[in-house]
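Visitor: As a plain string of letters, each chain reads:
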Amino acid sequence: MSTMSARERYSPLMELTASRMKEFLREPEAVFWVFLFPVLLAIALGLAFRSKGPDKIPVGVVETAREDAAAGRAVNALSASPALLARRFPAAEGREALRTGRISLLVEPGPPMVFHFDETRPDSRIARLEADDALQRAAGRKDALAVQSKRLTERGSRYIDFLIPGLLGMNLMGTGIWSIAFSVTTARNRRILKRLVATPMRKSHYLLAQILGRLMFLIPEVVVLVGAGWLFFDVGVKGSLALLFLVSLLGAMTFCGLGLLTGSRVNTIEGASGIANLIMLPMWLLSGVFFSSERFPDAVQPVINALPLTALNQALRGIMTEGYGIVGIAPQIAILTLWGIVSFAVALKIFRWR
Amino acid sequence: MSPERTDIAVRCHGLVKRFADVVAVDGLDLEVRRGECFGLLGPNGAGKTTTIEILEGLTAPDAGEVEILGSHWTRDGRALRERLGISLQETQLTEKLTVGETVRLFRSFYENGRDPDAVLTQLSLDEKRDARVGKLSGGQKQRLAVACALVGDPELLFLDEPTTGLDPQSRLQLWEQVVDFRSRGGTILLTTHYMDEAERLCDRVAVVDRGKVIALGTPAELIGSLHAANVIEFSSEPELDEESLRALPGVTEPHRRGPSWWLPVGSLAETVPALLALVDRSGARLVNLSTHRSTLEDVFVSLTGRALREG
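Protein chains in written order, with this note's numbering: chain A, 3 to 356; chain B, 117 to 427.
If you're looking for bench data, these hints aren't it; they were derived computationally from the structure.
Some chain A residues judged to face chain B by a derived CB distance under 7 Å, without partners named:
#1 12
#2 14
#3 17
#4 21
#5 25
#6 28
#7 192
#8 193
#9 197
#10 200
#11 201
#12 202
#13 203
For each label pair, taking beta carbons as the anchor points, the in silico distance ranges come out as:
#14 332(B) to 251(A): 58 to 64 Å
#15 248(B) to 356(A): 20 to 26 Å
#16 145(B) to 205(A): 29 to 35 Å
#17 276(A) to 288(B): 44 to 50 Å
#18 354(A) to 178(B): 17 to 23 Å
#19 193(A) to 332(B): 27 to 33 Å
#20 357(B) to 354(A): 53 to 59 Å
#21 145(B) to 276(A): 42 to 48 Å
#22 23(A) to 299(B): 38 to 44 Å
#23 248(B) to 275(A): 21 to 27 Å
#24 300(B) to 192(A): 29 to 35 Å
#25 287(A) to 285(B): 56 to 62 Å
#26 269(A) to 394(B): 53 to 59 Å
#27 269(A) to 406(B): 45 to 51 Å
The calculated lysine-lysine pairs, modelled on DSSO-like cross-linking and capped at a C-alpha distance of 27 Å, are:
#28 244(B) to 24(A)
#29 251(B) to 24(A)
#30 24(A) to 212(B)
#31 58(A) to 152(A)
Idealized CB from N, CA, C, for every residue including glycine.
Just need the whole structure built from these sequences, with the hints factored in.
Guide: This is the structure in structure tokens:
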């Protein structure tokens, strides 16, 4: 029996990769953050920003007496507008409601009619236009021009369609950086790295196993998030699923490189978290996860577009919502590849084994 | 490749290692023969760990030469690692892995090694095979560390403080492993600050203090160098002065140790009555008195005036 097992072949790379995966799967918190959290976040945000038509804007009407007829007429006129929700207020209370933002506009029935509102609040400006229109119509104004509105609520143009690729990109970044940086930092801190390099283990095998161990979780990660988007919100993939997966793989590898770089020298988890946050926080904000990065000034756009998460999000969105092929996202692929290669090269160069 | 050369498992000459403001190793020379168990004995901070880590190829020395099994770290590091088993001081291993997975992982790094299960059996870790490393006791962890060192079937075993902090039973279990490995022809270099460990296990011992070897020999030779088979430790009130102690028969070198005097002597029968008479004559009261056969601890005290555990 022992002669048989003595003949057994051992693959250090496979053993290291398997160890890495077991280590991850036996950490329930890590499994939560990688698989469950992004889905919960997508559901929460998807519900919060679901396309249910615009909300009515609350407006107030000042009533001077208990059964104020002028105020009553104004409320009726305002309620005819589908955009407004009108209520009566005693004068002082109305001002208070306007000041604290409970209503967007306060109407004092005249004559002349007086609109109280804060010009810096977009909702107030809309309420002012809507209220004026409603009151003028009630007073008998007719449209000089016939217009017709068509609302846009197509698949692909909703917030959730924007959000799912962004969350996927964010998750690929987070998992890559956290999992690798934490794993190598812990191993260094506990002097496991030192013990490993005291064996004939090849260092390249160790680092490769970190990456392979992380990539093994890529398929479930992408499937869970894209699947949840499709199942709960009918978010589809316009382009090729294979390309979506390949771009996810490229993104995951790029962030593995950054994760390795994050953990290349620090000796404590605190130090690693600091560096990881330094790398990730700006990208959470700038790279178009929750809102379009084009909202930032033109001057900083070249910088934002050069960030790896921006490139990944743009590529994922291109495939999912625009149906782009590989040519359409070539610049993003180039940016990701460059980040990946540079961060790997630097990490390997400066990696500290003890 | 003279036969004399291959007889030596570890040779180092003129090792120096400085850290920011301390000289950890200060011109240290060693020769460990094949098939022996060699001990580096010294207090904490003597430079034992730095020395053994230089020999293990984990730390680069600032000066000096190292030759392990006839090879050099700079030339043939990886091939050399195939032939070594290493247990670091307080080795920590991945807590989420099981004992069996850990030994298997270490086995996979070696071209030729032993069956992981056989090694677990040898270290009485069979029952713990499926237990997570994080759940093991100190003694079990240390046995696992030794299992990881043995699974590559090494010729030379480095053990850095293998029994520090272990309970007596775990110590005995580990000692058995060392004796067993040596009896199969393996070479061992271990560090310890336990004199009994060095006496029990080591064929030869180098006493290390402040980065230097201050004595070298078999435990019997080192103890014999005291020219005193026994040691008397005593204290009295008021204390006796060194002059009158030196005048006692058989006493050559009295040492102060805290509130006590420490007297290496040849024969207890000769010195003890004379000491009691001296205490009596000086009108002092004996607080305590004990005697023991000389140990390596006494060698260290006589060389440095300090106890091993005082550091």
